[in-house]
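Peer 1: Chain residues, written in single-letter form:
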Amino acid sequence: MAEFKAEVFQNEFLAEGATDVHAVVSVACTDAGTAGQSGHGEAAEIIIVDTSGSMDMPASKIVAARRAAKVALGEIVDGTWFGVISGHSVAQMVYPSHPGMAKMTDVTRREAVHMIDALRAGGATAIGAWISAATELFLQVQTAQCHAILLTDGKIEGEPPSALPQALRAAEGQFQCDCRGIGSDWVVDELREIANALLGTVDIIAKPDDLEADFESMIRTSMSRGVADARLRVWAPQGSEVLFVRQVAPSVEDLSAKAVQVGPLIREYPTGAWSDESRDYHVAVRVPVAPLGNERLAARVEVVVNDEVMAKSLVKATWSPDANLTTRLDPAVAHYTGQAQLADAIQKGLAAKAAGDDRTATVLLGEAAKIAHESGNDDTTRLLSKVVDVVDAEAGTVRLKANIERTDEMALDTRSTKTTRIRKES
Amino acid sequence: MTAAELACPACTAAIAVGDTFCEACGAPLSGAPSPDAQQPAAELHEVPVAGAPAVDITAPIPRTVKRSAVCAQCGGRILDDGFCGTCGQKARSPRDHWSEQPAPWVGGVCDRGIVHTANEDAMALAATADGSLAILVVCDGVTSAPHSDRAALAAALAACGQLTAVPMLGASSVAACVNYWTEALESAVDEANAAAVGVAHTMGDPPEPPSCTFVAAVVAGELITVAWCGDSRAYWLPDAGPPRQLTVDHSLGTALMASGTSRAEAEADPSFHTITRWLGNDSVDHEPEIASQSIDGPGWLLVCSDGLWNYASALDEMAARVSQLSATTGSDPLPLAAALVEWANAAGGHDNVTAALARCDPSLRLQRERTSGG
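Protein sequence lines correspond, in order, to chains A and B. Here the first sequence is numbered in the numbering used here, starting from 1 and rising by one per residue. Here the second sequence is numbered in the numbering used here, starting from 427 and rising by one per residue.
Among the hints, a few may not be true.
Claimed, not checked - Which bits of chain B does chain A cover? Going by a derived footprint, with three or more residues having C-beta under 8 Å, they are:
#	region
1	512-523
2	539-545
Stated by the list, open to error - Using 16 Å as the maximum straight-line C-alpha spacing, the simulated EDC-like pairs for lysine to aspartate or glutamate come out as follows:
#	chain 1	residue 1	chain 2	residue 2
3	A	Lys316	B	Glu713
4	A	Lys312	B	Asp506
5	A	Lys418	A	Asp344
6	A	Lys258	A	Asp358
7	A	Lys353	A	Glu367
8	A	Lys312	A	Glu268
9	A	Lys353	A	Asp408
10	A	Lys312	B	Asp507
11	A	Lys207	A	Asp56
It should be emphasised that the hints constitute simulated quantities derived from the structure, not laboratory data. All C-beta atoms in this analysis are idealised placements derived from N, C-alpha and C, irrespective of residue type, glycine included.
Next comes chain A alone, as it looks inside the complex (with noise of 0.2 Å):
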């Protein structure tokens, strides 16, 4: 049976007539279990494998899929759901043959591996009707934890703008999908898209190679998902409004537009399946002042499985006139507030580099390279540093780089979103 602990950190002290408390509220997950197998339904899965006509150019792409989703197919328990979708102008059913799934065995293992075998590239990039036909999957067979892998090299230019967002909109809560986008010709704010709506990761597989070891880790971490769907319940105050909350680790991702209100006082926000691993919420709520001495919550945190809850942590505010107390900043909530200004710095940075805003790009990729250094993110630190040399981190100052390699760029914006954890003391 899957524990969850949940922990808050904050400054809950509050100056005379301040309204905002933030908060980190800090999930662990122990003894998760496998997926499907936890008592609450079964599992699913599906690979959807792009096999537009540039998957040939250079043919190593294809290869490289085909050999990847066979890893993938390795990786999946046996008695999970599972189907393969080759994608081009059209969703196509690789395994099983009719649009369907397989419960898999050594058999329908082998026999699916036989087919991607015989995957062929050739036609346009349509992910809108590729995510459609994946939804109409896992709706047939009704489990209740959905995992797909969607692997693409190029931009959707097979079908109109609105079928993506459409296809999205339908998807939304019935699965969850990683997106991996190979080569650079690929767009990685359509991933990005896909990954926010249906609560998965986003990344680039810049060498062939490295696609194999990609996927198999994928499908792991699927399948050690024992979880099948966790929630965050927020209760905050009569007269307070939830100014954001937003996953800050291991990556940030502001959940804020998936608020469901439940009740007059309490929303709840989806996290998807859990294995065993920690997650850090930023939680900002606006309430009502209280006069100085007052003790009260500005909101109440819990973690909620099949309408369990699980986990419950509150978050309060306390007015005092003590300003040794009430200016303290929070640890834990400084550095994640600095964080997710990294990942905000680094997008619109590399957005006004595209744009020809070069003075603007500078600005904002010191930026980045200052917080970077600052809080210890030596990922991106490293990202950053293909991108723009760093001149003076301590002082945020960079040169733009003359030649950059587009796989580089596309690496720093996707993982831009990646924290580092804060340094617990102790």
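Based on these hints, arrange chain B on the given structure of chain A.
Peer 2: For chain B alone, coordinates are given in the frame of chain A:
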């Protein structure tokens, strides 16, 4: 399970059914009391009095106060986590604010104040209904030593309990009465100190042991006897005639003023509130200082912590404040105590605030005695 078997989960001290916090350590207690086993609202002690019938001393302590299920702020429901389900307001803990009125003429309010997050003040009051005997004890936990709230409450309750067990003295000279109550108070301070030390022991004798100030006043007939350690105070404030501060703070502030520094200058000195005598495991000398005062007309006995007198440090200021507030609240001590606490909180509430009062009126008391004796 009988009440005698109940123990505090935090410090294992005995607790009573219906207690909302442990009297020994202040830990909040949960668990609904069974309705048939609740404490009576007031506990009755039989105090034998020489040559007179037994007198009842009523000594309610906050154990009968229960956490309300309704939010005082908005009327919402208090959830299991101790906060309102509608506005989020924390349900007021009885340790943070409570009042006592053991008899109509004696009452007090003990309050957390505005700035501090815990109430380290404590009080314990006892009184006979006929106006012949009252015991008022106030202790102020030392903030710099953790868990001093426990020491303060334990000390106040121990001293009050000890004093209620002292038999009344028959007709005697004033000097004999002063001697009698001085001895009783000294022994009560020993008990209070032992209780504070006991709290330190239950916590494994920390390097900074919980400690507190102490002031106890006994009103016996027309005599007030006061014992104190530290800077909690007692005042005699007669309706007519000069007021008197019965205690002299054991503090560096007093020492400064004794050496010629003006009150304003002394109060501005950071060491003003540093106390030189206290109760607790690290107390060098807990021997109390004693003062007495005879009551020759109606007036107020005020026993308080520095959270109150900070806002009227000079005697005439405090006398004027009590006189001004009592003009509205009348001769009932409880509303006056509440008004004093409210005034201190309005002035900033920088410390815990405790105000305990006895309304002494010899003519009324003699009248009552005549009626009951007739």
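Peer 1: A separate judgement is required for each hint: does it hold in the structure or not?
Peer 2: Hint by hint, here is what the structure shows:
1. 512-523: holds (count 5)
2. 539-545: holds (count 4)
3. Lys316(A) <-> Glu713(B): violated (43 Å)
4. Lys312(A) <-> Asp506(B): holds (12 Å)
5. Lys418(A) <-> Asp344(A): Holds, because 11 Å separates the two Cα atoms, which is no more than 16 Å.
6. Lys258(A) <-> Asp358(A): Not OK: Lys258(A) and Asp358(A) at ~34 Å, beyond 16 Å, violated.
7. Lys353(A) <-> Glu367(A): holds (14 Å)
8. Lys312(A) <-> Glu268(A): Distance ~14 Å between Lys312(A) and Glu268(A) Cα, so the pair holds.
9. Lys353(A) <-> Asp408(A): Within the cut-off at roughly 14 Å; holds.
10. Lys312(A) <-> Asp507(B): holds (10 Å)
11. Lys207(A) <-> Asp56(A): With Cα atoms ~14 Å apart, Lys207(A) and Asp56(A) stay inside 16 Å; holds.
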